[in-house]
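S.K.: Below are the chains, spelled out letter by letter.
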Amino acid sequence: MPEDLEFREFFAVQFARLRRLGFWLTGDWGQAEELAQEALVRTYRRWRWVRRYDRPEDYARKVLLNRHRSLLRRALVEARYRAPSRPEDAYSPEAKDDALVLWAATLKLPPRQRAVLVLRYREDLTVAAVARLLGIPDGTVKTLARRGLARLRHELTTSDPDAMHGLRERR
Amino acid sequence: MTIEQQLREAYDRASSSEPGEAGAYDRFLRRRARRGRVVAGGASLALVVLLGAVGLLAGVLGGREAGVQDAGLVPAGSVVRIPRAGFEVAVPPGWNAQARTGPQVAGAELRPDRAGPDTPGLLPGVVVLMRTVILTPGEYPGPRRDENRERLAMPGPGYYRLSGLPSDPSPLRHGWRPDGRPYVWRVRLGPGEVGEYAIAWPYYCPRGVACSPDARWRVLLVQGGSSNDPATRAQLLGMVRQVVNTARPITNALPGGDPTQVDPAVPQATTKVLLGSGGSGTAAWKAYVHAVQSQAIFELHFPYLQRRPGRGVHAEAFFERGRRERVGVMTDCLDWVRGSTLIVSGPVRKDVAAVRIELQGQRPVVVATLGRDKPGPWGGFVSPPLPAASKLVRVVALDASDQEIGTALTNGTAAC
Chain E
1 MPEDLEFREF FAVQFARLRR LGFWLTGDWG QAEELAQEAL VRTYRRWRWV
51 RRYDRPEDYA RKVLLNRHRS LLRRALVEAR YRAPSRPEDA YSPEAKDDAL
101 VLWAATLKLP PRQRAVLVLR YREDLTVAAV ARLLGIPDGT VKTLARRGLA
151 RLRHELTTSD PDAMHGLRER R
Chain W
1 MTIEQQLREA YDRASSSEPG EAGAYDRFLR RRARRGRVVA GGASLALVVL
51 LGAVGLLAGV LGGREAGVQD AGLVPAGSVV RIPRAGFEVA VPPGWNAQAR
101 TGPQVAGAEL RPDRAGPDTP GLLPGVVVLM RTVILTPGEY PGPRRDENRE
151 RLAMPGPGYY RLSGLPSDPS PLRHGWRPDG RPYVWRVRLG PGEVGEYAIA
201 WPYYCPRGVA CSPDARWRVL LVQGGSSNDP ATRAQLLGMV RQVVNTARPI
251 TNALPGGDPT QVDPAVPQAT TKVLLGSGGS GTAAWKAYVH AVQSQAIFEL
301 HFPYLQRRPG RGVHAEAFFE RGRRERVGVM TDCLDWVRGS TLIVSGPVRK
351 DVAAVRIELQ GQRPVVVATL GRDKPGPWGG FVSPPLPAAS KLVRVVALDA
401 SDQEIGTALT NGTAAC
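Residue numbers (our numbering), protein chains in the order written: chain E, 1 to 171; chain W, 1 to 416.
One or more of the hints may lead you astray.
To give a feel for the contact side, a few chain E residues facing chain W, derived at Cβ under 10 Å [what the hints assert, rightly or not]:
1) Arg55
2) Leu100
3) Thr106
4) Leu117
These are calculated hints, taken from the structure and not from any lab test. Backbone N, C-alpha and C define an ideal beta-carbon position, used for all residues, glycine too.
With these hints in hand, go ahead and build the complete structure from the sequences.
M.R.: Written out as C-alpha cells, the structure is:
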C-alpha cells in the first residue's frame, strides 16, 4: 500500500483517539484538536520509519504528550491557551454531580499527574506502558497515580461545586 | 464505586460533547502544507540544506538505513578510524566503538562496555553517535575560526537545528576545544537527552589550488543519547565532550592529507543553479536547484515576498528513493495574490522533458521542464497559476517522446 494511503487510514483511526486524549489533558476541544493535528503532522514526517513499528499509534501519542508538556513549559503559549480557543469549545459542566466535580478536579492537577491518570485509568495502559510514553520510571508513574487519586478523593469529599468551577463570587 | 471507576465515568461524561471530525483531514493537509511552506530567508535556507544533508543519516539512530554495514567492535584503548567520515577518535576506557558505514552513513557509535567498571548499563539510549556530513562553509551553523570570539560569546546567532528532531530547536551555543578549534552545541529538548555537538574542519583542497567557497566542510556531529538517570546523563555528557575535544581529522580532511583519497560518497561540490524564472507581478518566481548528497534541494523564490526580510523562499529537500523516482512535488498556495492561486513545482531528473500535472475534475496541465541545459543532475518544473481549490492527484514525469517514466502520487489532496 502506498505510504500516503496507509497514513490516511492511520489518520482516520487515530485522529479521534488523539483528540480525545488531548481533551482529557487540556479540557478544551480547540486545544485538543491543535495537539492532535500537530502530533499527526509530526508523525507523518517520520511515517517512513513509524509505519514499521508494532504500534505506530504509540509514537503519535508520545508526540502529543511531549507537545502538551512543552506547551505548558512555555509561559507565553500557556497564557494563550489558558483561555479557551472558542467559547463554545470550553467544557463548562452545568450539573454538579460527582463525575463532573471529579473532571473539573483533574484539570487542576499538575500536568504529569493529569497525564498519568488519563493514560492509566481512561486509556487503560499498564504502568510500564505509561512509563514508556512519558519517559519516566515505573515507580514515578505509581507515585503520580497514587498522589493524583488521593488529591481527587480529597476534592470529592471536600468539594464545593461552585468553588470548583470558579463560580463563587469573591467576597 | 471506586475512585478509579468514578474517574473513568468523569472522563466519559466530559468527552460526551465531542465535536465531529468533518474536515479534520483537510485541516491536517493544510497544516502539513503550511509546515512545508518554509517562507524563510537565507538563515533558514542554510538550515534546510543542513537538515537535508543530515536527514538521511537519521537512520543511524535506529540502524534502519538500508545497506548500512556494521564493522567489528573496537575495544577501549584503541583508535576507531573512519576514513570515509574523515575522523578518528580514541576509544575511552569502559567503552567500545563500532564503525557504521553505508551509502548515506559514515560514522561510529560508542557504547559502554558491559564488563567495564563504573559504566552505565547497555540501555538503548546510552550511546554516543558520531557521524559526518559534508557541508559548504555557508551551511555550517557555527562560528569560523577567524570570527570574533567576544561577539560569538553572546547568545547564539540563530535557531538552527543540527538534525531533524521532532522537538523545537534550542539556540546554538559556542565553545572552543583546547586546540582552539570552535564547535557549536545545543541542548536537545527530548526527555533525558544529553545534547549534540558539531565540529568542522575544511575538506582538503589540493596544494596550489585555491579553495573555492564551495569547498565542502566536514562536520562531525556528536550526539549523546539519553537517560533518565542523572548520573548516566552526566557520564554521557562527559563522553560527548571528550569525543569533541579529542576527535582528529584524517585522510583528506587533514591539511596535507592525501588529495587522491576522495570519498566516493561525497558528490562534487555544486553551486546553486538558477533553473529559470517566470510568472508576473506578485506571482513572479525564480526556481533554483542544488544537490546535497543524493538529494535535490529545490527552491522556489518569490521576489514579491522577498521585499520583506526573511520571507519569500520555499525550499525543500527531496530524497532519492530509487532510480524510478524522477520527480518531486512541492505546492505553494499564493495567498498574497488576489483570489489566491496554486503553484505546483519540484525537481526532476535530467531525462524528464515535461511533467503532466493531473488535477481532480480538471484537464491535466503539461509543463516543460526547466534547466535541462544547466549543470548538475537535476532540472525542475513550475506550473502556471492554478485555481486555489485545485486538488492535485498526481504528477507524471514524461521523457522527450512523451513516455511516462515516473510518477509522484499526491493522493488527491487540496493544496490551498
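S.K.: Does each hint hold? Answer for all of them.
M.R.: Verification of the hints:
Restraint check, Arg55(E) versus chain W: the minimum CB separation of about 15 Å is more than 10 Å; hint violated. Interface hint at Leu100(E): satisfied, since its Cβ lies 6 Å from the closest Cβ of chain W, which is below the 10 Å cut-off. Hint status for Thr106(E) relative to chain W: holds, with the closest Cβ pair at about 7 Å, below 10 Å. Given hint, Leu117(E) at the interface with chain W, holds; its Cβ is 7 Å from that chain's nearest Cβ, closer than 10 Å.
This entry does not satisfy hint 1, going by the numbered hints stated previously; all others are met.
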